[in-house]
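There are 2 protein chains.
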Amino acid sequence: MLINVPERVVEDALRGMAAAHPELTVDVANRVVVRRDAPVANKVGLVSGGGSGHEPLHGGFVGPGMLDAACPGEVFTSPVPDQMLRAAAAVDSGEGVLFVVKNYTGDVLNFEMAAELAAEEGIRVETVVVRDDVALPAGEGAGRRGTGGTLFVERLAGAVAEAGAPLERVTEVAHRVADACRSFGVALAPCSTPARGGPTFDLPEGELELGIGIHGEPGRERRGMMTSGEIADATVDALVGDLRPDDPVLVLVNGMGATPLLELYGYASEVSRALAERSVVPARMLVGDYVTSLDMAGCSVTLCPVDEELLRLWETPVRTAALRWGA
Amino acid sequence: MLINVPERVVEDALRGMAAAHPELTVDVANRVVVRRDAPVANKVGLVSGGGSGHEPLHGGFVGPGMLDAACPGEVFTSPVPDQMLRAAAAVDSGEGVLFVVKNYTGDVLNFEMAAELAAEEGIRVETVVVRDDVALPAGEGAGRRGTGGTLFVERLAGAVAEAGAPLERVTEVAHRVADACRSFGVALAPCSTPARGGPTFDLPEGELELGIGIHGEPGRERRGMMTSGEIADATVDALVGDLRPDDPVLVLVNGMGATPLLELYGYASEVSRALAERSVVPARMLVGDYVTSLDMAGCSVTLCPVDEELLRLWETPVRTAALRWGA
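Sequence order for the protein chains is Y and C.
Each residue of the first sequence is one higher than the last, beginning at 95 in my numbering.
Each residue of the second sequence is one higher than the last, beginning at 95 in my numbering.
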């Protein structure tokens, strides 16, 4: 691994972000990444965070048109309420703050606690929890995991916040997007965490796991190797569900970390074909490593059905380390 | 691997590019990727290409402010002259075309042949060969390999071409940048090509190879695992050479494909420290997977010393799949 010592991985990465991105304020000691011009007057602040190891999520999504701040935890471990509170205080212009939280027990609890602490300091906080992973049934245990859909929530809520919408409206957009998104992931090889120094789960060569989470949580089914086309069919079948045909859809074809971009674009062509065969119309398709799982080999697809308004918001300028267009 | 069959990997990827990037014209059958508005009136055309497996290079760099067209070969195999000729014809507005060629025997020969064919069709062609890899001595065999420096040549020559400079001037900038760039790469684990289905070279776990090429060509030295800081010191020592201290430098901290972005940012912080200790001033630092080697684990660093003019060109708008800012 390209590291110094496992204990310093997150700190080292934050130092690197500071070196590469003068447009961000990186508080290495307290582990908070904030857009440099925060708090932006008359703008709702967007804060997210979660365990490290999913980069560019969330720090790579901090900037105009997306997040105001991100709080990275240790690898695959929730950040602590103090980080979130600092982030909220740094970005609150008086218009309030929206927390975007992936649905994992630690993250949900810690963001809840941070929201209470922020309220005590007079910061209005709303929270949206993202549960887009359709691999597991919705009603069981802690519920569905938050994965690639987080990108769409952060981007679309970020866009409407940047346009000056009040907290209620930003929250409404975030909930609408979170409810609409659905994701499904496949692992071809496990990832290795710095602390373990080896694979987080066992996946024999020549097999793959359908419905995998972004921390190597078990999936729906283990199978012998499939072609890219077969994986796309299985994935799209798991995703289309109650989707109304001909609704425009934003599509994320996401690499988990170690999948070559050459292969990921090939997979995107199969996803595109599989969607077309089911009368789903990709309005925009984003291909790349956006919500990763360290060096896991594999891919996920997220569908985000949109109306005209959301599609227009998607197109507004965004300027972050990992997602950037317009202005 | 996330593929259908090895023989169709490049074709599938091009289909995916077409699906994801309506701003590009992708000729899948002839394997040419062209910016949709080509030829741009009164603008010199920039064409590059090379073996596939290094994505986003070169197709991901096609767009305003960078390349006009890219020709992908088979994995780790030069494209053929016919592709380059088609690309030249598609982008020539009458102002001529610059070929940006990485220094590998096949690429150099095929681009030479394409330049002759283009001349016969009345297209003025100039060529710049990039030989930025300092791992091997400059004077031996086929000379130094072209690697990460290609990004800077394509970007800076692309910027001056976009501004309307004539072919002589675009060529001069390209040569100046190509001469100035120097790169050094390190592999922590080999890559696997679709055709082989397994590793391209043998690198025992717990060892790394310093001075590796982007096709797994042997490096300068094999060693036991080093920390990220030690790798940065060895890399920067290999790079600074005759660099004048206090010259501003563009820095690329490049992932080879399977290195987690979390680790790459940590490495960027060590590169930044190592440069500072040697009085080198990074004017801008780019961190990410830009010139890859399929799923190789590892990293490279490219330094591109710049003057005020080149720094200004770097900052002008660019709008490609992989590099994008401004406008």
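Just so you know, these hints were derived from the structure itself, not from any lab.
The reader is advised that the hints may include incorrect statements.
[As the list claims (entries may be wrong)] Restraint ranges, calculated between C-beta atoms of paired labels, are given here:
id: 1; chain 1: Y; residue 1: ARG290; chain 2: C; residue 2: ARG263; range: 31 to 39 angstroms
id: 2; chain 1: Y; residue 1: ALA213; chain 2: C; residue 2: GLU117; range: 27 to 35 angstroms
id: 3; chain 1: Y; residue 1: GLY235; chain 2: C; residue 2: PHE295; range: 50 to 58 angstroms
id: 4; chain 1: Y; residue 1: ASP131; chain 2: C; residue 2: GLU371; range: 29 to 37 angstroms
id: 5; chain 1: Y; residue 1: GLU402; chain 2: C; residue 2: ASP331; range: 55 to 63 angstroms
id: 6; chain 1: Y; residue 1: GLU315; chain 2: C; residue 2: ARG372; range: 37 to 45 angstroms
[Claimed, not checked] Just a sample of chain C residues kept apart from chain Y, beta carbon distances all over 10 angstroms, derived:
id: 7; residue: ALA123
id: 8; residue: GLU149
id: 9; residue: ARG180
id: 10; residue: GLY216
id: 11; residue: LEU230
id: 12; residue: GLU234
id: 13; residue: ALA236
id: 14; residue: ARG270
id: 15; residue: GLU402
[Said to hold, decoys possible] Listed next, the stretches of chain C that the computed footprint assigns to chain Y, with coverage defined by at least 3 CB atoms under 8 angstroms from CB atoms of chain Y:
id: 16; stretch: 306–312
id: 17; stretch: 360–366
Cβ atoms here follow ideal geometry from the backbone N, Cα and C, with glycine treated the same way.
Closest CB of chain Y to the CB of C:ALA123 still more than 10 angstroms away: holds (14 angstroms)
Range hint compliance [Cβ, Y:GLU402 to C:ASP331, 55 to 63 angstroms]: Check passed, 56 angstroms falls within 55 to 63 angstroms.
No chain Y beta carbon within 10 angstroms of C:GLU234's: Per Cβ check, C:GLU234 is outside 10 angstroms of chain Y; nearest 29 angstroms; holds.
Per-stretch coverage check for the stretch 360–366 of chain C, three Cβ contacts closer than 8 angstroms to chain Y: holds (count 6)
No chain Y beta carbon within 10 angstroms of C:ARG180's: C:ARG180 clear of chain Y: closest Cβ-Cβ about 21 angstroms, beyond 10 angstroms.
Cβ separation of Y:ALA213 and C:GLU117, checked against the hinted range 27 to 35 angstroms: Once the Cβ atoms are compared, 45 angstroms apart, the range 27 to 35 angstroms for C:GLU117 and Y:ALA213 is violated.
Distance rule for C:GLY216, whose beta carbon must clear each one in chain Y by more than 10 angstroms: holds (34 angstroms)
Least C-beta distance between C:GLU149 and chain Y, which was stated to exceed 10 angstroms: violated (4 angstroms)
C-beta pair Y:ARG290, C:ARG263: status relative to the range 31 to 39 angstroms that was hinted: 54 angstroms Cβ-Cβ, so the 31 to 39 angstroms window is violated.
Assertion that C:LEU230 lies farther than 10 angstroms from chain Y (Cβ): With a cut-off of 10 angstroms, C:LEU230 remains clear of chain Y, as the shortest Cβ separation is near 23 angstroms.
Least C-beta distance between C:GLU402 and chain Y, which was stated to exceed 10 angstroms: At about 18 angstroms from chain Y, C:GLU402 clears the 10 angstroms cut-off, so the statement holds.
Check on C:ALA236 being off the interface with chain Y, judged by Cβ distance over 10 angstroms: Given that every Cβ of chain Y is farther than 10 angstroms from that of C:ALA236, nearest at about 25 angstroms, it holds.
Against the hints set out earlier in the document, violations occur for numbers 1, 2, 3, 6, 8, 16.
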